[in-house]
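Peer 1: What follows is the residue order along each chain.
Number of protein chains: 2
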Amino acid sequence: MKIRESALAATTNNITKEMDAWGAADLLEFRMDKAANPINQLSKYNGNIPIIATNRTRWFGGQATDTGRLDSLFSASRFDAVKFVDIELETVRSKSWITHEFRENDVDLIISHHDFDNTPSREIIDKIFEQCARYGDIAKVATFPQDQTDTLALLEAVNAATEKGIDVAGISMGKIGSHTRVIGHLYGSKLSYAPLLADDTDYAPGQIPLEKLASLIEITKNNGVDDQVISMIEDEVSVPKGLTL
Amino acid sequence: MKIRESALAATTNNITKEMDAWGAADLLEFRMDKAANPINQLSKYNGNIPIIATNRTRWFGGQATDTGRLDSLFSASRFDAVKFVDIELETVRSKSWITHEFRENDVDLIISHHDFDNTPSREIIDKIFEQCARYGDIAKVATFPQDQTDTLALLEAVNAATEKGIDVAGISMGKIGSHTRVIGHLYGSKLSYAPLLADDTDYAPGQIPLEKLASLIEITKNNGVDDQVISMIEDEVSVPKGLTL
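Chains as they are written, first to last, in the numbering used here: chain A, 626 to 870; chain B, 626 to 870.
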């Protein structure tokens with residue numbers, strides 16, 4: 626399943642809700658690791674929103690646990706509704722053969738890397754995007770910014786990878802990076818994620834709920850200030866060229 | 626008048642409107658060059674929103690015209706309501722003595738540079754900000770992007786100048802740069818501009834009207850995704866450190 630324009634994925638641990646719960650979502654990211662009976666939920670799912678199956682582990686170290694986790698993810702990938710599987714770059718680097726097995730179930734691969742503490746340098750993020758793209762169809766990188774320079778480094782890397790023809794998803798996390806969830810698509814990010822908490826849980830302060838994120842993204846899509854208006858309003862000034870410094 | 630937080634300026638050629646026309650504006654940018662009887666309008670103005678007086682010329686070349694324009698701007702700066710005067714970098718570079726004259730009228734100076742065709746390199750924008758700051762209190766740079774790399778260059782320069790302690794306003798113009806009007810404050814930009822068309826003119830498509838820009842900026846101020854929520858929702862995953870590339 627090729628993503629042509631940026632898509633909005635609702636992250637959830639319960640896909641058995643009524644369809645109207647998903648509102649503006651183009652995709653559902655099903656967090657199997659947080660779900661009750663995930664395979665059972667998938668077998669009951671009869672919605673028409675394509676699913677991204679994600680099954681994170683707390684530690685990559687434990688081989689047995691990791692195998693069980695991947696087996697479960699593999700079972701998920703057999704369902705027709707599952708169009709994408711999200712696998713961590715760290716996982717595929719040590720088991721690159723799994724990508725072929727997953728592809729036989731007719732799913733595309735999101736290869737992801739997360740750094741919850743820091744943002745690597747621009748050059749390192751570039752390399753991570755390239756590595757993710759080597760294994761998968763969409764290269765996803767989420768990093769935690771210490772300051773605004775870090776959010777710009779992530780956006781720059783998203784932009785540069787997009788210009789190279791890589792399908793990417795890029796997020797600068799935390800409060801400082803929050804706006805990258807809204808404007809990332811302008812730099813080429815193909816996926817935005819909006820968490821859906823359980824129905825009986827209020828949205829936590831500061832979080833961008835699905836509907837709000839959807840409308841913010843829509844505004845940035847439609848409300849480009851067009852050139853004619855700019856030149857009409859901002860200025861009728863001609864500035865001499867060749868300002869010397 | 627020191628701007629501590631980012632302020633929203635409504636750009637207008639008519640300051641004789643009723644006060645409620647200005648809505649969320651913190652400042653009015655009065656475009657004297659487009660106004661009918663600007664000095665007369667200033668003498669009648671009894672609002673409490675501080676004014677930025679701006680008087681652009683089509684050409685900087687003509688000395689006589691420029692002198693008349695600056696005389697008019699100087700007259701404007703005598704009014705109590707006028708707290709800022711916007712002067713082009715190109716103008717003060719050739720007539721640096723005028724900054725002292727203006728300051729005697731108790732106004733702060735916004736020194737501005739516009740490039741309506743291109744975005745200079747990051748290093749050149751840095752230098753333009755520094756030059757503007759040498760003459761004025763707020764250094765304003767508006768550039769036209771050819772692509773997303775250009776909008777990031779402008780944001781990077783805004784961020785870097787802010788980190789150096791310079792009060793800046795930075796805008797990447799046109800459709801591609803439109804979102805910088807919304808998120809610029811997150812990188813330190815002290816002024817956003819929203820055009821107010823004449824009351825009998827509809828907003829042109831693509832433009833960000835005052836009230837919408839105000840609410841978008843407010844959302845980006847309040848809706849940071851807080852760290853706790855991120856770590857709760859986005860992941861309970863621990864990623865091994867030291868990913869080798």
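The hints are simulated quantities; they were obtained by calculation from the structure and are not laboratory data.
Remember, predicted model here, so these are calculated numbers, not experimental data.
Treat the hints loosely; a few may be bogus.
Calculated pairs, DSSO-like style, for lysine-lysine (alpha carbon to alpha carbon, straight line, at most 27 Å) [claimed, not checked]:
id : chain 1 : residue 1 : chain 2 : residue 2
1  : A       : 837       : B       : 720
2  : A       : 846       : B       : 846
3  : B       : 800       : A       : 846
Here are the in silico distance ranges between beta carbons for each label pair [as the list claims (entries may be wrong)]:
id : chain 1 : residue 1 : chain 2 : residue 2 : range
4  : A       : 649       : B       : 759       : 21 to 29 Å
5  : A       : 752       : B       : 755       : 31 to 39 Å
6  : A       : 742       : B       : 774       : 46 to 54 Å
7  : B       : 715       : A       : 743       : 38 to 46 Å
8  : A       : 630       : B       : 840       : 57 to 65 Å
The beta-carbon is built from N, C-alpha and C at its ideal position, and this holds for glycine as well.
Peer 1: Looking back at the numbered hints, which does the structure fail to meet, lowest number first?
Peer 2: Violated hints (numbers, rising): 1, 4, 6, 8; every other hint is consistent with the structure.
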